[in-house]
Amino acid sequence: MAPAPLHLRLVVRPPAGPDDSPVSGSLGGLEALDDAKLVALASKGELSAFETLYRRYAAFAINLAVRIQGSGRDVEDIVHDAFLRAHDRLAELRDRQAFKGWLGAIVVSLIRSRLRKRRLMGLVGLGQNEPVDLESIAAETASPEARAQLAQVYALLQTMPADDRIAWTLRYVDQHRLEGVAELTGCSLATVKRRISRAQRFLKDYFVPAFAGDPAAGGLA
Amino acid sequence: MSKPKAFEDQLSSLHRAETLRDNADKARVERIWRRLEPNVAVPKSPKRSWSIGWAPGLAAGLVVGFLIGHQYTNVPEATPGKLVAEPTSHEPAGLPEPRRASDQSRTEAPEPTKTLGPREPTRAPRSVPLKETPEASVFAEVPVIETAPAPAGSAPVPQPNWLKLADRGEYQRAYHSLEEYGGFDAVLSKASADELMILADVARATGNRGRAIQALRRVTQSFVSDPNAPIAAMTLGRMLLQAGDSKGASEAFSLYRRLSPEGDFAEDALASDIQAAVEEGNWDRAQTLAKQYESDFPDGRHLEQIREQLHAAQRANGSNPEPSEPLGEESEVDSEAQTAPPAESPYQ
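These protein sequence lines map, in sequence, to chains A and B.
Residues in the first sequence are numbered consecutively from 1, following our numbering.
Residues in the second sequence are numbered consecutively from 1001, following our numbering.
In short, the hints are calculated from the structure, not lab data.
Glycine is no exception: its CB is placed at the ideal position from the N, C-alpha and C atoms.
Each hint should be verified, as a subset may be incorrect.
What the hints assert, rightly or not - Derived list of chain A stretches under chain B, where covered just means 3 residues or more per stretch with a C-beta under 8 Å from a C-beta of chain B:
#1 47 to 58
#2 71 to 77
#3 134 to 147
#4 174 to 187
Said to hold, decoys possible - One-sided and incomplete, this derived list gives chain B residues near chain A with beta-carbon spacing under 7 Å:
#5 L1020
#6 R1021
#7 N1023
#8 V1029
#9 N1039
#10 A1041
#11 S1177
#12 A1186
#13 D1264
Unchecked claim - Chain A is nowhere near these chain B residues, computed Cβ spacing over 12 Å in every case:
#14 H1176
#15 G1182
#16 K1190
#17 G1207
#18 N1208
#19 Q1214
#20 R1258
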């Protein structure tokens, strides 16, 4: 007898390490629960379960927002709104274990709206592109050369359509796998590949490479 | 004189831990939570609040609308404007983005510019030179390297109407336009690999799943050395798995793994192949592939679900096949695993 058809279940492990998940004194043993159980509890109104989810993924959401936007502007508003939207729609989450990807998709969606709106405003002369906030992107420990590269890449990203920009940033800056990018952006893999490919070609055309060993290359930041 | 580093080499330094800043300091996390907590702690009573709240909301909306309308109607003279199209068009959400014949599907290993034949559109120069962007000042001193001009003498051949429409995301019209060229099958038989991928998009977007499978299958059969073939195989496998053709799906996933063993989807193709083998009832193959998965991807993202799947298959099968070590080891099975929806694209 053939085995009954089964479906794969996505398993997302929570981030490890004390720095990734700040511990709140009032969360009891909830930190040990996986996302699915926390989502189940939170959707029944258990605030501490939602707080645990928040603390588990706040860093992910904040860094995701900053790196896609290229600045830390309004990032707290974005993350706040993303978690609020997630909270209000917890019941709609089919695969509760996939909370992280789902939350990320909400963050991406919020930023995408902002980027498109900003671009549209720019087109009608009511706004302009936000300058790259290098201090929010580059670590203090980043080499001058790396900072210069980040500045250049983000300056070029500013000129791209929001979708291409987001897909490329997720893939090459935030280092998501293609499937992760597809999930975060709500697109098919083929679409994501096309967007990344288009952005990559543009960047390759306009990126001015530093010269290996050239001290001037390190002094551009 | 030193050579410039390749673009890809330079990119590799961008995502090092010491390069990117961690913006999630504890104070910020706490600050957001303090704002968030009162909003999520309030018990929801949507019906009551809606029934009471709609009236002032409607009134406020009317007032705002009136004020905005009033403001605009009082503008003495409309300023002449010019509508400028964006360089890249994007279709509304929900529809696949138009595929361009010039697009390369592979991003993991950027290759030299591919010659695509007469239909490849010439890349238009950027309308905004780099130096004009304010952000570009950070690298204003970097020497500008001229890119090679496009090869001359290749007169563009007009695209077929269906390709133009597909390029604009008008898939329904593109599908109907195929009739101008003898119908889907006629176009299919003459299409290049790039066109077949677009044809598959058109078919999928218009709900013609069978046609899409036809186009993708042709890519994997007639253009197996084309760069589109791996992604076509992967997409084909997924479509066939959804359609219940486990055997065909398994073949497609195997093809992907042969064509692109180090590709982005190699791990997912193997995991999907296992799923297809289980659904097909091919127990031996499922176990063999599962062992291969564990060997190739010892820390694989699908390892746990594969174990669960094999255990569940054993139970459903009612048999007790030779337990495979260590895949056969007991693992905690979440009760939701039995009712979980079909695999979504795994997220790292």
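We went through each hint and held it up to the structure:
no.	hint	verdict
1	47 to 58	holds (count 6)
2	71 to 77	holds (count 3)
3	134 to 147	holds (count 12)
4	174 to 187	holds (count 12)
5	L1020	holds (6 Å)
6	R1021	holds (4 Å)
7	N1023	holds (5 Å)
8	V1029	holds (5 Å)
9	N1039	holds (6 Å)
10	A1041	holds (5 Å)
11	S1177	violated (21 Å)
12	A1186	violated (24 Å)
13	D1264	holds (5 Å)
14	H1176	holds (22 Å)
15	G1182	holds (26 Å)
16	K1190	holds (22 Å)
17	G1207	holds (15 Å)
18	N1208	holds (16 Å)
19	Q1214	holds (17 Å)
20	R1258	holds (19 Å)
Checked against the numbered hints given earlier, this structure breaks hints 11 and 12; the rest are met.
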